[in-house]
Amino acid sequence: MTRLFRGQIIFALGLAILNTIYASQLVQMDPPFATGEPGPAFLPVILCGFVYLASITIIIREFRAAEAEAKPDPQSDIVPRISLLGPAVTIGATALFIVAFSYFGYLVAAACFTFIVAWFFTYEQSGKHLRSTGFAFVTAAVVTLFGWLFFVKLFGLYLPVWEL
Amino acid sequence: MIGQLSDGFLALAQPLTFLHLVGGFLLGLFFGAIPGLTATLAIALLLPFTFGMDVADALVMVAGIYMAGIYSGSITGITLNIPGAPSGAITTLDGHALMKRGEGTQALGMSALASGIGGLVGVIILIALAQPVSALALQFQTPDKFSLVLLAVVTVTIVASGPLIKAMMAMALGLMISTVGIDPMVPVGRFDFGSYHLVEGISLLPAVIGLFAVCELIAQSSIPAAVGKAVAVAATERPRRRDFLPSRAKIREVGFFTFLKSAIIGVLIGMLPGGGASMASFIAYAEAKRGSRKPEAFGKGSYEGLAASESANNAMCGGAVIPLLTMGIPGDAVTAIIFGVLLIHGLVPGPALLAGNFHVIAPMFAALFVASIFVFLSVLAFGPLYLRLSQINRGFLYAFIAMISMVGVYASSYSFFQMWMALAIGVLAFLLRRFGYPVVPTLMGIILGPYLEEFLRRSLIVSEGDPTIFLRSPASVVLLALTVLFVWLLRVRPALRVGAQAAKL
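Residue numbers (the numbering used here), protein chains in the order written: chain A, 1 to 164; chain B, 1 to 505.
Keep in mind that the hints were calculated from the coordinates and are not lab data.
Bear in mind the structure is a predicted one, so any value in this text is a computation, not a measurement.
Worth double-checking, as some hints may not be accurate.
[To be verified] If you want the footprint, here are the derived chain A segments under chain B, 3+ residues with CB under 8 Å:
no., segment
1, 20–33
2, 59–65
3, 83–97
4, 110–121
5, 128–141
Where is the CB? At the ideal position from N, CA and C, for every residue including glycine.
Sequences and hints are given; from them, build the entire structure.
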């Protein structure tokens, strides 16, 4: 069983599980034609049924199809297992940004977020710690300042600054 | 009317009014090109500032933003594979493929030319046929509207690349996301899991940012710079401005008929409430593929596909204004905000508007016309800058996109929850892409879902559950027949041909 083949099946199963979570809300709603007319549950019931069928079809097709040769993930000379580590860094940084934004405000959160993102991409490209750190500092300062000028000064929008 | 229209063009000769047009155009260009920011957001942000403006100047500025914002959605779609606006999503398929082939200048030039032509055709039709055609659109009943949305949903799904079942799954996911929140017909919350945040539903902006900007950020971080797309296209030679002029061969390859047909499709869809730039570009793209001599090139770098979608989405601008001004029905989010601009200045959109205030509206028509010409000129002025978007240091570029997208979500809703939604949808979109599911049908499901559901349920309520209501109206029958025709031509016939060829071997 190749990694791609296994991944396809796990992802289709994951979608079926998400669908089950969605469907769990349907039982709290009135049946689609409870009042004699198509109600709020009408389209969701159809969609739920379809997603189960589609998930099963995809899984069966994956089992029936000859196992495709998985293309190896592109490797970076600098960042090991980049196909996993890269998404983990960007997803983690974005999640941290949202948390920091609500507690520390725009300036701190945006500066840290842009620093992490800029550092990761630059380091992966150059492989040089010091150069990447310097570039990320400058990028974080420029982008954070731009965002502040653009959203707050130009359009007068409110961005939290320091809410502690 | 012609005299007042001439006055409208003359009004643009006033330095202050002209500056409003240029300012609006540049603002729209910027907002449209930056992923996560849209022309809708630009006009929404402009709304409070229009209080202090002359009504004609405000409308001129809005027209500039509208035309430029719809066009520039394709710029980063072509150069970075991240459409700046949903309307640029379909252009991205062929535009970025051309970019990777080293034909970025011609792709950007063709995009601007097609958008300019589409915009001009849209405005000419707006000026010439506003009242009679909008009267026809008014005849559309709910079942006809359902059939129209169904046509869009089916078309988007079948033109998506990859296995059909995965495209259908992606569309279903988008439709499911659209069902979260208050029911469109009954004041009941759905799929809110007891959270008051989810009762409001998932806004379009976080969905767009998640599906495109966040997803692209995550996807790019999983690829080494050595094979990353941004680097792969960076090898393009330093372009000259004249390189952005589409060559005669490329224009001939597209053909005058494709430009015109796509523009007319764009205008017609723009006129219908619930239509919009995305739907216009998808349907024009599908129609161009159906009629093309090289349908196999679509999605792999076809100038015909690129021109069809761009021509249609800018032609939509003219079309969308028709029902707004003549019937008071906004066709999309932008025209809904233009509705607000008019109301702020004491003008009520509707049949009486053009009769009594044409002199106020005429500069807006003129501005849409001139902005269409600006669209083409802009690529000659800023083309090298657009192309350099792909040569910017990846660290700087993705830090910028990450910040402006996420803060843009917050600024549009002042909601941390919507930021989490953008991230969650981005992760889902990344996984969909990774396992070969197209993402564009998901977006269209989110956009079209509320219309599909409302028109379907309304029709069935009227017919007391009888589905033959969709076969009783000539317009609905024509739209359903077109749906079946598209499925046959784009999916069934090619599959039968492949099967027949396999049997011969």
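Hint-by-hint comparison with the structure:
| no. | hint | result |
| --- | --- | --- |
| 1 | 20–33 | holds (count 4) |
| 2 | 59–65 | violated (count 1) |
| 3 | 83–97 | holds (count 11) |
| 4 | 110–121 | holds (count 9) |
| 5 | 128–141 | holds (count 5) |
Going through the hint list in order, the structure does not satisfy hint 2, though it satisfies all others.
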